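Enquirer: What follows is each chain in one-letter form.
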Amino acid sequence: MSWFKKEKAPLAPIQHSRMPEGLWTKCKECSEILYTKEIVKNLNVCPKCNYHIGLSAVERAKSIFDDERFEEIETGLFSNDPLSFSDTKNYGDRLSRSKKSTGLDDAVLIARGCIDGIPVVLAAMEYGFIGGSMGVVVGEKITRAVELALEERVPLIIVSRSGGARMQEGAISLMQMAKISAALARLDDGKVPYISILTDPTTGGVTASFAMLGDVNIAEPKALIGFAGPRVIEQTIRQALPPGFQRSEYLLEHGMLDMIVERKDMRKTLGRMLRFFTQSVKPATGSGSSTETDSSTSRSRVQKEESVS
Amino acid sequence: MGMDILDFEAPLAALQKEIESLTGYPADAGKEREIARLSTKLDEMRREIYSKLTPWQTVQVARHSQRPYVLDFIEHLFTGFVEIQGDRRFGEDPAIVTGMAWFHDKPVAVIGHQKGRDTKQKIRRNFGMARPEGYRKALRVMRMADKFERPIFCFVDTPGAYPGIEAEERGQAEAIAVNIREMARIRVPIIVAVTGEGGSGGALAVAVGDEILIMEHSIYSVISPEGCAAILWKDAGRAEEAADGLKLTATDLLELGLVDRIVPEPVGGAHTAHRQTAQMLNKYLVEALERSERFSPEERVEARYQKFRRMGEVGLEVRNGS
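Sequence order for the protein chains is W and L. Residue 1 is where the first sequence starts when you use our numbering, and the numbers rise one by one after that. Residue 1 is where the second sequence starts when you use our numbering, and the numbers rise one by one after that.
It should be emphasised that the hints constitute simulated quantities derived from the structure, not laboratory data. On a predicted model such as this, the values are computed, not experimentally measured, just so you know. Any given hint could be a false lead.
What the hints assert, rightly or not - Derived lysine-lysine pairs resembling DSS-like cross-links, with alpha carbons at most 27 angstroms apart:
#1 W:LYS191 x W:LYS26
#2 W:LYS191 x L:LYS147
#3 W:LYS48 x W:LYS268
#4 W:LYS191 x W:LYS222
#5 L:LYS31 x L:LYS41
#6 W:LYS89 x L:LYS17
#7 W:LYS100 x W:LYS62
#8 L:LYS41 x W:LYS28
#9 W:LYS62 x W:LYS89
#10 L:LYS106 x L:LYS52
#11 L:LYS234 x W:LYS99
#12 W:LYS41 x W:LYS268
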């Protein structure tokens with residue numbers, strides 16, 4: 001029992017939201033009524049308060065890649081419900097419902113495309129699929145993405161948006177943390193860049209593995225990021241949490257993030273970093289794939305952009 | 001011994017009491033016979049109960065307050081222990097004990113969770129829930145072992161990483177993540193023994209090894225049964241159901257390919273006989289180390305990678321895969 005009544009429930013995770021559908025949309029953060037088209041045009045960011053509404057994996061991929069163009073890869077993997085898990089619903093039913101509602105096999109999309117002309121491998125997590133939780137499929141797909149990035153020496157970007165490991169697959173989910181992190185150790189040894197983008201919310205086993213292991217760790221503004229969820233912490237310590245606790249700005253202040261980047265600036269920022277990583281030290285060759293970009297074209301793009309902006 | 005009695009051990013306790021009441025009086029042949037009879041019955045009953053523990057009962061045994069912790073294993077299995085403290089960044093975390101020791105005359109590094117036996121110790125050890133400093137200290141010692149080519153033994157027994165404000169501020173997630181990644185590329189043998197509770201990321205942060213042993217009545221889980229029940233049913237009281245569903249017992253984990261070997265415990269659980277427990281574990285540690293030492297460092301790192309790379313295959317279904 002605390003001495004002072006809390007004015008509002010602190011740090012409830014921001015509600016999962018899909019692309020707004022009606023003509024008008026109310027911002028969850030500032031309650032402003034906004035013209036939906038305006039929000040969509042603004043990359044799902046509230047024009048009034050700059051609240052970053054969550055993106056689906058596909059929306060995220062579009063928002064990051066040049067001309068919104070990408071190719072989905074590593075598809076056709078599904079969970080077979082290895083524990084035959086059942087709570088208030090059968091896990092199998094949860095899986096099929098999520099498949100239908102998101103159009104994805106599981107909670108991550110793996111894609112290849114270009115950012116600022118530089119080919120990258122992207123893993124974008126889908127919060128709409130059982131809270132973006134990580135089970136075998138997420139573990140396998142992200143590991144494959146890491147291995148592909150290493151094999152082709154193409155930079156890797158992972159956009160996290162997840163409640164953590166998936167309970168319904170038990171300790172198998174837990175071990176995916178080790179599987180992915182071990183692959184990232186190899187990527188690191190291979191000197192292939194990895195940029196981690198943490199979005200609202202990123203917690204649990206996802207934060208405690210690949211999300212915190214980027215060469216650069218970037219967060220979107222005001223994202224909930226942590227190991228333990230705020231409610232678990234409150235129950236443990238039995239006191240209210242400080243304002244802004246576990247938000248991006250708080251983590252930045254405590255030295256746990258490299259930077260906070262607004263969605264509208266993300267592509268540009270990523271492009272610049274990718275050039276830093278790939279430009280002179282290791283020419284971005286060897287991809288040998290469908291992309292025709294090489295170091296010389298990305299260099300020319302550097303100059304072009306600098307002269308424009 | 002003042003042993004905590006678990007719920008399902010009540011019949012054992014009753015029988016024990018009966019035996020004790022008989023021993024109090026001057027001995028005669030009839031009583032002796034009765035005591036012998038009851039003692040045999042007690043052993044049988046204990047064997048019977050412990051041979052078919054439910055997952056929830058196993059959780060209770062794994063958490064037993066008399067269960068051997070890393071300091072007990074150090075006492076019974078190692079010699080010349082020299083404790084190493086502090087992460088050289090922020091502080092010392094007594095929830096994880098690290099140090100140098102000798103295992104059958106071989107210099108090794110030892111790392112493990114220490115829960116604390118009495119109230120004062122429990123508080124000091126934070127119930128075995130490590131803060132970032134604990135994980136960073138562990139990594140520091142593992143890197144030192146790597147540098148000097150000393151094998152590493154990890155004893156895992158934690159409810160989980162500490163979920164507190166300061167732990168978050170100092171990068172609990174980052175500390176765990178870095179440990180997991182770095183353990184994957186340490187070149188010396190890493191032998192892991194889950195000896196009690198394998199509590200999620202807080203356990204995994206010192207549990208990426210060449211061989212993962214688990215003691216018979218230990219558990220290893222992505223979340224505590226209480227936490228799981230609180231989330232799924234909004235009712236922590238349904239932990240027993242959650243314990244069933246999570247498949248967290250040693251046999252389940254072996255079946256799922258997440259651990260390599262189950263180490264038997266004395267009848268009645270490790271908490272009843274620390275020395276005997278350690279002796280039983282000894283053989284497994286020796287053999288695991290032997291197997292790992294046969295590899296060159298490169299082969300070892302590759303084998304460790306492949307070991308974790310395969311985890312999850314059991315749950316995957318491939319359809320018109322790319």
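Enquirer: Each hint: holds or not?
Expert: Structure-based check of each hint:
no.: 1; hint: W:LYS191 x W:LYS26; verdict: 45 angstroms, violated
no.: 2; hint: W:LYS191 x L:LYS147; verdict: 22 angstroms, holds
no.: 3; hint: W:LYS48 x W:LYS268; verdict: 22 angstroms, holds
no.: 4; hint: W:LYS191 x W:LYS222; verdict: 31 angstroms, violated
no.: 5; hint: L:LYS31 x L:LYS41; verdict: 15 angstroms, holds
no.: 6; hint: W:LYS89 x L:LYS17; verdict: 46 angstroms, violated
no.: 7; hint: W:LYS100 x W:LYS62; verdict: 20 angstroms, holds
no.: 8; hint: L:LYS41 x W:LYS28; verdict: 66 angstroms, violated
no.: 9; hint: W:LYS62 x W:LYS89; verdict: 33 angstroms, violated
no.: 10; hint: L:LYS106 x L:LYS52; verdict: 38 angstroms, violated
no.: 11; hint: L:LYS234 x W:LYS99; verdict: 25 angstroms, holds
no.: 12; hint: W:LYS41 x W:LYS268; verdict: 17 angstroms, holds
Checked against the numbered hints above, the structure breaks hints 1, 4, 6, 8, 9, 10 and satisfies the rest.
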